[in-house]
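Chains as they are written, first to last, in this note's numbering: chain A, 13 to 431; chain B, 13 to 431; chain C, 13 to 431; chain D, 13 to 431.
Calculated directly from the structure, the hints in this document are not laboratory data.
Where hints are given, some of them may not hold.
Since the list gives no way to pick out one identical chain from another, each pair is judged satisfied if it fits inside one copy or across any two copies.
Said to hold, decoys possible - With a straight-line Cα cutoff of 25 Å, these simulated DSS-like cross-link-like pairs (lysine-lysine) come out: (1) Lys72 / Lys330; (2) Lys139 / Lys310; (3) Lys376 / Lys310; (4) Lys72 / Lys139; (5) Lys72 / Lys310; (6) Lys376 / Lys355; (7) Lys139 / Lys330; (8) Lys219 / Lys330; (9) Lys355 / Lys330; (10) Lys376 / Lys312; (11) Lys219 / Lys72; (12) Lys139 / Lys219; (13) Lys139 / Lys67; (14) Lys355 / Lys72; (15) Lys72 / Lys420; (16) Lys312 / Lys420; (17) Lys376 / Lys330.
Below, each chain spelled out in residue letters.
Protein chains: 4
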Amino acid sequence: MNATREELARRFFAVRQQTEALCQPLCVEDYVVQPMVDISPPKWHLGHTSWFFEKFLLEKFSASYAPPQPIYNFMFNSYYNSIGVRVERRQRGALSRPTVEEVYRYRHDITARLGELIESIDESTWKDFHELMLLGIHHEQQHQELLVTDIKHILATNPLRPAYHAATLPTRADTLPDTFINIDSGVYCIGYNGNGFCFDNEQPAHKVYVDAFSLQNRLVTNGEWLEFMEDGGYNEFRHWLSDGWDAVQREQWRAPLYWENIDGVWHEMTLSGLRPIDQYAPVCHISYYEAEAFASWKGKRLPSEAEWEIACSVLGAKASGGNFLESGYLHPVAISENDLTMKQLFGDVWEWTGSAYLPYPNYKHSSDALGEYNGKFMSNQMTLRGGSCATPESHIRATYRNFFQPDKRWQFTGMRLAS
Amino acid sequence: MNATREELARRFFAVRQQTEALCQPLCVEDYVVQPMVDISPPKWHLGHTSWFFEKFLLEKFSASYAPPQPIYNFMFNSYYNSIGVRVERRQRGALSRPTVEEVYRYRHDITARLGELIESIDESTWKDFHELMLLGIHHEQQHQELLVTDIKHILATNPLRPAYHAATLPTRADTLPDTFINIDSGVYCIGYNGNGFCFDNEQPAHKVYVDAFSLQNRLVTNGEWLEFMEDGGYNEFRHWLSDGWDAVQREQWRAPLYWENIDGVWHEMTLSGLRPIDQYAPVCHISYYEAEAFASWKGKRLPSEAEWEIACSVLGAKASGGNFLESGYLHPVAISENDLTMKQLFGDVWEWTGSAYLPYPNYKHSSDALGEYNGKFMSNQMTLRGGSCATPESHIRATYRNFFQPDKRWQFTGMRLAS
Amino acid sequence: MNATREELARRFFAVRQQTEALCQPLCVEDYVVQPMVDISPPKWHLGHTSWFFEKFLLEKFSASYAPPQPIYNFMFNSYYNSIGVRVERRQRGALSRPTVEEVYRYRHDITARLGELIESIDESTWKDFHELMLLGIHHEQQHQELLVTDIKHILATNPLRPAYHAATLPTRADTLPDTFINIDSGVYCIGYNGNGFCFDNEQPAHKVYVDAFSLQNRLVTNGEWLEFMEDGGYNEFRHWLSDGWDAVQREQWRAPLYWENIDGVWHEMTLSGLRPIDQYAPVCHISYYEAEAFASWKGKRLPSEAEWEIACSVLGAKASGGNFLESGYLHPVAISENDLTMKQLFGDVWEWTGSAYLPYPNYKHSSDALGEYNGKFMSNQMTLRGGSCATPESHIRATYRNFFQPDKRWQFTGMRLAS
Amino acid sequence: MNATREELARRFFAVRQQTEALCQPLCVEDYVVQPMVDISPPKWHLGHTSWFFEKFLLEKFSASYAPPQPIYNFMFNSYYNSIGVRVERRQRGALSRPTVEEVYRYRHDITARLGELIESIDESTWKDFHELMLLGIHHEQQHQELLVTDIKHILATNPLRPAYHAATLPTRADTLPDTFINIDSGVYCIGYNGNGFCFDNEQPAHKVYVDAFSLQNRLVTNGEWLEFMEDGGYNEFRHWLSDGWDAVQREQWRAPLYWENIDGVWHEMTLSGLRPIDQYAPVCHISYYEAEAFASWKGKRLPSEAEWEIACSVLGAKASGGNFLESGYLHPVAISENDLTMKQLFGDVWEWTGSAYLPYPNYKHSSDALGEYNGKFMSNQMTLRGGSCATPESHIRATYRNFFQPDKRWQFTGMRLAS
């Protein structure tokens with residue numbers, strides 16, 4: 013096996029293994045449930061990420077391959093209309109079978125067969141195969157993040173408040189210094205322009221003009237959020253978008269998701285169980301509506317996604333070393349540095365931007381099933397940047413565009429101000 | 013231990029054991045899910061029937077008892093407002109914890125403690141204790157039936173169509189002869205008047221006048237139901253009550269629940285897997301609306317609950333020997349006799365009556381938590397009689413009143429005609 | 013024209029005229045709106061009662077008749093599936109056309125043509141014609157009551173609180189004496205057995221056995237209802253049926269419909285505008301659930317419909333002289349007598365019974381369109397007896413069965429206790 | 013009265029008069045109904061546009077003014093939280109009172125009082141007053157457009173299909189020539205930068221960079237839309253955004269709103285009644301989702317709002333002479349010219365852009381009640397440009413930003429392609 017094949021095999025097995033390692037602390041029962049429609053049962057993630065490789069790699073490149081369980085195509089398809097009908101999303105938690113053990117068996121079988129295919133596939137189809145394998149690997153990394161957030165929801169909404177693990181999180185004794193860093197106006201290039209992997213929605217790279225702006229050097233903290241709450245932020249419609257105010261009323265939001273007031277002290281549910289709020293750590297599990305209202309209350313605004321990306325390139329910010337999945341904290345943490353340079357652009361929390369998730373100029377979406385991957389979701393969502401404590405480090409880039417509806421809160425979502 | 017105590021202990025342990033035996037074929041995952049709001053996850057049934065004994069027996073009669081897991085009171089309470097708040101019914105399937113193993117541990121602990129209490133309880137409180145124990149035992153038997161119907165739903169709606177067991181069902185080669193048996197008009201007494209256990213809704217026994225009527229000697233069969241379907245029964249509003257016709261449109265009913273047409277042949281999902289319809293077996297999993305429409309199509313009607321009960325007493329019908337939970341079939345079956353005497357008043361399927369579930373004259377509901385048991389459900393439901401293939405034989409009586417909303421179909425519900 | 017024809021013409025014209033007189037105080041705008049799905053715009057009532065005569069009389073008995081506006085068949089059909097599709101009930105208030113003037117023109121045309129037909133119809137078809145005319149007349153009387161209750165809802169829910177008229181209501185200065193009148197047990201005959209008009213649901217007359225019971229000699233009053241409220245009746249689940257308690261939570265019921273607390277004083281919206289509660293007048297606009305909860309709070313119960321009807325026949329109660337539509341009050345009033353005889357069985361408010369609306373033994377519903385009239389509604393409703401202040405006096409009988417879902421409150425519905 | 017005051021009075025009275033002229037063809041009943049939640053009854057528009065002047069002008073600038081009907085503040089407030097509670101939007105059609113006549117009386121009173129105020133107001137407050145008067149006038153012009161679209165909905169969804177007027181629309185005999193006009197890349201300035209009136213959302217003017225693009229010289233026509241339909245456009249998920257495809261399924265969209273297929277020929281409901289589709293006229297009453305899907309089917313895209321506005325400024329396009337409210341057609345029409353210059357950027361139909369409705373860089377929303385005017389709606393909506401056949405000509409500008417949710421179709425909304 014040549015070096016390229018070895019490299020692919022190594023990455024592939026590592027990612028497959030990582031997904032399973034994330035599930036290691038779970039009981040069988042935790043794999044099955046779906047407390048709300050946005051989340052999926054962990055066993056569904058295990059099955060779906062395997063089905064993706066089966067459907068788009070094995071069925072395509074392995075002539076002799078016949079799916080051992082054709083009905084899995086119905087059960088583990090997420091949203092690909094071109095692949096046919098599928099279990100309704102909200103019914104994923106209604107399925108006790110296949111069992112967790114059967115899903116693992118299916119998963120291991122797919123992994124092994126792809127391992128063989130990496131070795132044996134003909135050189136003539138290698139390029140197409142390799143490209144789709146990279147997509148499959150990045151797709152699975154996306155589901156690693158979802159696994160973490162979905163497991164958190166499953167445990168955090170259980171009245172027993174079970175912990176997933178017992179991590180010791182770094183803390184600090186005072187507020188991180190705060191400033192706004194200026195970036196000049198001008199025409200900049202954004203979007204992915206390199207030779208590596210990227211998703212279709214990061215392209216094409218293109219020019220944008222931005223006015224001079226300044227960006228907060230750190231993330232908004234829990235302490236600042238408490239000030240917003242104490243100032244009646246959730247009770248004053250003037251701070252809110254109209255749809256946001258409706259959501260506050262309808263959902264009875266009074267604090268970020270997973271916060272609980274116990275005898276006058278605010279706590280939050282983490283993957284290490286219920287803990288008092290760390291006022292110096294970044295605020296997390298807020299919706300776009302809340303982020304927008306907070307910025308309005310502060311007399312500031314959210315950055316656009318272009319501004320965020322330009323700040324990365326002007327300041328030379330890199331993802332390396334942030335608080336990602338690999339740290340094992342699985343929670344945003346206060347950082348120890350005290351200087352006023354730009355901090356935490358990557359990791360800890362996804363940062364809501366003020367930009368709607370729309371196609372870049374001259375964006376083209378491919379016409380096959382994978383063309384459904386990103387393009388068709390380009391309405392009614394807002395863009396987030398920078399990855400979180402649940403994102404694999406190798407998965408994130410400055411050009412990476414994440415997107416959620418403005419009322420979603422179960423992801424590790426936070427914010428930074430601009431002006 | 014005296015004989016009465018031994019007898020109670022025997023019954024108590026037998027019922028507790030029976031519930032667990034019913035779960036024996038399940039995978040861990042099957043215990044957790046809730047595909048629709050009417051059903052409960054099997055582990056919830058295991059926990060709830062234990063909580064019932066904990067709440068109403070242990071906490072009351074065992075001075076030193078402190079619940080080891082107070083939050084179970086929140087998780088396993090079904091609908092007792094007087095006991096406090098509880099997990100919303102539709103969220104029961106969202107809970108992965110306590111695990112199945114933990115629930116069994118809780119359950120076994122409760123069983124053991126009650127076993128001790130049966131031996132040790134003071135004679136002065138024995139009478140009250142014994143009465144509540146009987147209620148707890150009958151309550152658990154009710155949940156045995158629900159366990160069977162809920163397990164059936166969990167498996168039958170799974171795309172893999174898994175079987176629970178592999179039962180061989182008795183069949184017959186021809187239609188059971190059919191007649192209508194006449195009962196004279198007169199004033200009869202209905203309701204429970206004996207010395208044994210009964211539910212509050214069976215009392216007081218009281219007099220009713222009925223006109224002369226006649227009652228079909230057997231249950232309506234699948235073959236007859238197919239005739240109704242082939243005659244366009246589900247497409248002709250004239251047969252239906254207005255609310256029933258709305259349900260047909262809304263739910264797209266075209267056949268009983270669990271029926272599937274596979275290549276032109278009607279099959280039904282059973283606990284032994286998917287099987288072709290047995291045309292000589294009783295029809296099952298029909299709503300009141302369907303039963304009423306079928307009767308209207310036939311130019312007949314459903315019996316009132318008084319008529320049904322009077323027929324039992326006039327004809328001397330007894331529950332003994334019917335097709336109950338104990339037969340192990342867990343499915344209604346064709347019977348082998350060919351004579352024209354009254355058949356299957358007990359067992360196989362609950363029989364929809366044309367009577368609304370209302371209190372008997374001079375019904376009194378008690379003022380404590382157990383007073384919520386039956387009385388508060390006396391609106392918008394119809395009464396059913398006779399028990400089913402999922403009812404424990406010792407649980408049923410001629411005076412027993414079951415009740416469901418007229419659109420429910422997941423119980424083993426069938427019908428018999430009157431005129 | 014012979015006497016029978018003259019008599020029919022007289023009644024027909026009188027009823028048609030009465031309906032229009034009820035609308036006389038309305039503005040054009042009041043004819044059009046539908047503030048909730050249960051009510052219909054007044055112009056729809058005017059059109060529908062005309063359509064009924066057009067469809068079932070003119071089209072059938074007048075060979076040359078061609079509907080001038082065939083689409084009215086779509087717009088003014090209420091629920092007759094056999095007549096074809098129709099405007100959805102909840103969209104009745106979305107229709108500005110036909111205008112009120114056009115509806116009156118249509119109505120007057122129908123009235124005139126039927127006037128001619130009464131004179132000219134052949135003797136050979138007279139009997140059928142006459143029978144259907146009587147049905148049409150009683151149908152229109154039913155809609156007169158609905159007109160009053162729907163107009164009340166339209167005005168009472170308008171923030172301007174407009175009055176329909178300015179009636180002076182009789183009052184009294186003290187509580188009407190209160191007793192319970194005993195009726196012996198026995199087999200009685202109920203249902204309509206005379207030669208006049210009745211609806212199909214009042215037949216056949218049949219025997220019932222009732223235990224001895226006693227019935228309150230007057231209606232429950234507003235003063236008594238205030239006691240229930242002050243005792244926390246709406247906050248204590250123990251009094252309520254389970255479905256009723258859900259309704260209390262969902263609808264936020266804290267008092268009867270149309271009651272408002274203004275600066276600590278309870279008022280109610282009447283057709284004469286907003287007035288302080290008259291504590292000696294009968295309580296009104298309560299649902300079955302509220303009636304049932306009140307009875308439970310009092311330690312009493314609601315009478316069955318058989319008991320109510322037997323009390324009428326045993327006590328020789330007649331409808332004559334009650335407070336009906338003709339009094340012009342359009343509101344239940346306190347009566348002036350002080351003796352302990354049975355009062356107000358007829359008029360003022362419909363009395364909720366504890367009986368579900370179900371077919372009488374051997375009830376037959378006819379197979380034509382008119383067969384849809386009553387039979388198909390026999391599920392999920394409760395029976396009411398006695399008529400109200402909005403019922404035409406000639407329309408009511410001791411055997412008359414009205415029926416509504418247990419959560420409805422916009423009719424003039426009240427109660428009397430039994431035990 | 014000086015010239016400025018005379019000019020303001022002239023404009024004010026003209027706009028007030030124009031609104032009433034639009035209602036002239038209505039019956040009283042047409043003023044009252046609300047067939048769906050998005051539209052408002054015409055009498056509500058008459059009242060609300062008067063309330064706006066009362067609330068923000070009379071109450072502020074006329075010291076002695078006391079609202080004669082304070083409850084109108086509750087009934088005619090649209091969405092200003094800062095003004096207090098209000099009638100729920102979906103209940104606007106439930107209100108028969110105030111009557112149409114009363115609303116006109118209220119309206120005329122407000123008009124007269126403001127006429128006096130224009131004359132008498134002190135010079136020291138004139139500037140503020142004048143600014144708010146202009147806002148009120150433009151606000152009323154917005155409601156003129158809504159009046160037309162809401163009246164159309166009221167009439168078009170009535171089974172009688174009544175016409176509002178009888179306009180003769182210009183037609184043409186062949187397809188308008190079609191080309192794409194190129195615009196160079198570069199940094200351009202967009203947003204309002206003049207001295208006249210504009211809404212807050214058009215500011216601040218700011219620079220944007222756009223790549224070279226080309227814009228279709230005319231609007232997409234009904235004939236082209238028929239091709240899309242005949243090619244199965246509504247059945248092929250590949251063309252659609254995910255949310256759009258959901259809307260197609262849920263709403264059963266098969267053609268633009270108001271289209272009906274009568275005996276194989278497509279017709280559309282217009283304000284002049286039901287007419288065959290004019291294949292050379294611009295397509296209208298399409299949602300953003302449909303516009304986006306059509307563009308995708310064509311292999312093109314929608315222009316961004318910046319591109320649209322830049323095209324106006326580069327090509328020197330002016331609103332003058334388009335088909336606006338003043339033409340009286342109240343329907344988009346085919347134009348007669350045959351050259352390939354840019355056509356119909358203004359008038360006929362609002363053009364969906366591919367831009368989300370978001371604040372411009374450095375947008376500031378004011379802190380008083382009027383600050384709720386535009387800013388709080390900046391989520392989940394798409395921007396439209398150019399005005400329609402229902403827009404007053406003096407109301408539109410190249411910088412004008414209209415916005416609706418992507419599934420709305422009852423406005424005069426169409427499209428033009430870009431690439």
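So, going through the hints one by one against the coordinates:
1. Taking the closest pair of Cα atoms, lysine 72 and lysine 330 never come within 25 Å of each other, the shortest separation being 36 Å inside a single copy and 55 Å across copies.
2. With identical chains, the CA atoms of lysine 139 and lysine 310 are never at most 25 Å apart, being 51 Å at best within one copy and 31 Å at best between copies.
3. Proximity of lysine 376 and lysine 310 under a CA criterion of 25 Å is satisfied inter-copy only: 13 Å between copies versus 39 Å inside one chain copy.
4. When the C-alpha separation of lysine 72 and lysine 139 is checked against a cutoff of 25 Å, the pair qualifies only within one copy, where the shortest distance is 13 Å, while the shortest distance between copies is 72 Å.
5. Taking the closest pair of Cα atoms, lysine 72 and lysine 310 never come within 25 Å of each other, the shortest separation being 53 Å inside a single copy and 29 Å across copies.
6. For a Cα distance limit of 25 Å, the shortest separation of lysine 376 from lysine 355 qualifies neither inside one copy, at 34 Å, nor across copies, at 28 Å.
7. Taking CA atoms no more than 25 Å apart as the test, lysine 139 paired with lysine 330 passes in neither setting, with 29 Å inside one copy and 53 Å between copies.
8. Proximity of lysine 219 to lysine 330 under the C-alpha cut-off of 25 Å is restricted to the intra-copy arrangement: shortest distance 21 Å within a copy versus 29 Å between copies.
9. Taking the shortest alpha-carbon separations for lysine 355 and lysine 330, only the intra-copy value of 10 Å comes in at or below 25 Å, while the best inter-copy value is 49 Å.
10. Taking the shortest alpha-carbon separations for lysine 376 and lysine 312, only the inter-copy value of 10 Å comes in at or below 25 Å, while the best intra-copy value is 35 Å.
11. For the identical chains of this complex, lysine 219 and lysine 72 are neighbours neither inside a copy (37 Å) nor across copies (48 Å), given an alpha-carbon limit of 25 Å.
12. In the homo-oligomer, the alpha carbons of lysine 139 and lysine 219 never lie at most 25 Å apart, since the shortest distance is 30 Å inside one protomer and 42 Å across protomers.
13. For the homomeric pair lysine 139 and lysine 67, the shortest alpha-carbon distance inside one copy (18 Å) is at most 25 Å, but the shortest distance between copies (66 Å) is not.
14. In this assembly of identical chains, the alpha carbons of lysine 355 and lysine 72 never lie at most 25 Å apart, being 44 Å within a copy and 49 Å across copies at closest.
15. Taking identical chains as interchangeable, the C-alpha atoms of lysine 72 and lysine 420 are never at most 25 Å apart, the minima being 36 Å within one chain and 41 Å between chains.
16. Only within a single protomer do lysine 312 and lysine 420 lie at most 25 Å apart by alpha-carbon distance; the minimum there is 22 Å, versus 32 Å between protomers.
17. In this homomeric assembly, lysine 376 and lysine 330 never come within 25 Å of each other (Cα to Cα): the closest approach is 28 Å inside a single copy and 33 Å across copies.
Violated hints for the displayed structure, listed by number in ascending order: 1, 2, 5, 6, 7, 11, 12, 14, 15, 17.
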